[in-house]
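Top to bottom, those sequences are chains W and Z.
Residue 1 is where the first sequence starts when you use my numbering, and the numbers rise one by one after that.
Residue 1 is where the second sequence starts when you use my numbering, and the numbers rise one by one after that.
Hints are not guaranteed to be accurate.
Unchecked claim - The calculated lysine-lysine pairs, modelled on DSS-like cross-linking and capped at a C-alpha distance of 27 Å, are:
1) Lys53(Z) to Lys8(Z)
2) Lys23(W) to Lys53(Z)
3) Lys19(Z) to Lys71(Z)
4) Lys10(W) to Lys23(W)
5) Lys23(W) to Lys6(W)
6) Lys8(Z) to Lys71(Z)
7) Lys23(W) to Lys8(Z)
8) Lys19(Z) to Lys53(Z)
9) Lys71(Z) to Lys53(Z)
10) Lys6(W) to Lys53(Z)
11) Lys19(Z) to Lys8(Z)
12) Lys10(W) to Lys53(Z)
13) Lys23(W) to Lys71(Z)
Just so you know, the hints here were simulated from the structure itself, not pulled from any lab data.
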Amino acid sequence: MEPTLKQRVKQLIAENRVLLLMKGTPEAPACGNSMRAVAAIEPYGVEYAALDVLPALEPLREATGEIADWRTFPQLYINGELVGGADIVEEMNESGELAELLGAEQPEPPAMSAKEELKADDPQQSPPIQIERS
Amino acid sequence: MALVEDVKTLIEGALPGAKVDVFDEGGGNHLRVDVTASQFEGLSRIDQHRLVKNAVRERSDTGELHSLSVKTSVPE
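From just these sequences and the hints, can you work out the full model?
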């Protein structure tokens, strides 16, 4: 049987230690908040998976609403748990909680939210995942 | 009703007694909200945000509210 979108999202969350559901891609975020989330996690240099939600925005809203009671994007999942959206991710970045969750050193200087901090060819980063609208 | 007032009303409705300040961060549909509510007591930050975001769910689902930046606190 074809897995439902909800099952596929659950699977992505389970299979990727760090997963970012975002509008656009890490190289080209399509919304300011998604850009903020990328800018917060990128400096840690940890491997993470990114899913562009725009091709199936409404179904993914429903799916994540059911899975994590969260319907807006970005959403950062670490170790199978929703950490939060851009605001929480930024707050946790500043407080050091994000470093702890990621199991990585706090970057020096502390992770900045400036776009120029992003490197398009960061070798650490897994390629974006696409879910086709079914 | 302007979205700013609408969002304030929705959050106040969901969290009676809360202090809600809504700011327009651009275009009237990118908003920021500071919410101080006794209902947040004992909740994790993400659950506090869930309460606020779910209060305005209809507006954000439609895209009418493009983005909402949330800051929550418990009254002193």
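Consistency of the hints with the structure:
no. : hint                 : verdict
1   : Lys53(Z) to Lys8(Z)  : holds (12 Å)
2   : Lys23(W) to Lys53(Z) : holds (18 Å)
3   : Lys19(Z) to Lys71(Z) : holds (12 Å)
4   : Lys10(W) to Lys23(W) : holds (18 Å)
5   : Lys23(W) to Lys6(W)  : holds (18 Å)
6   : Lys8(Z) to Lys71(Z)  : holds (14 Å)
7   : Lys23(W) to Lys8(Z)  : holds (26 Å)
8   : Lys19(Z) to Lys53(Z) : holds (15 Å)
9   : Lys71(Z) to Lys53(Z) : holds (11 Å)
10  : Lys6(W) to Lys53(Z)  : holds (21 Å)
11  : Lys19(Z) to Lys8(Z)  : holds (9 Å)
12  : Lys10(W) to Lys53(Z) : holds (22 Å)
13  : Lys23(W) to Lys71(Z) : holds (22 Å)
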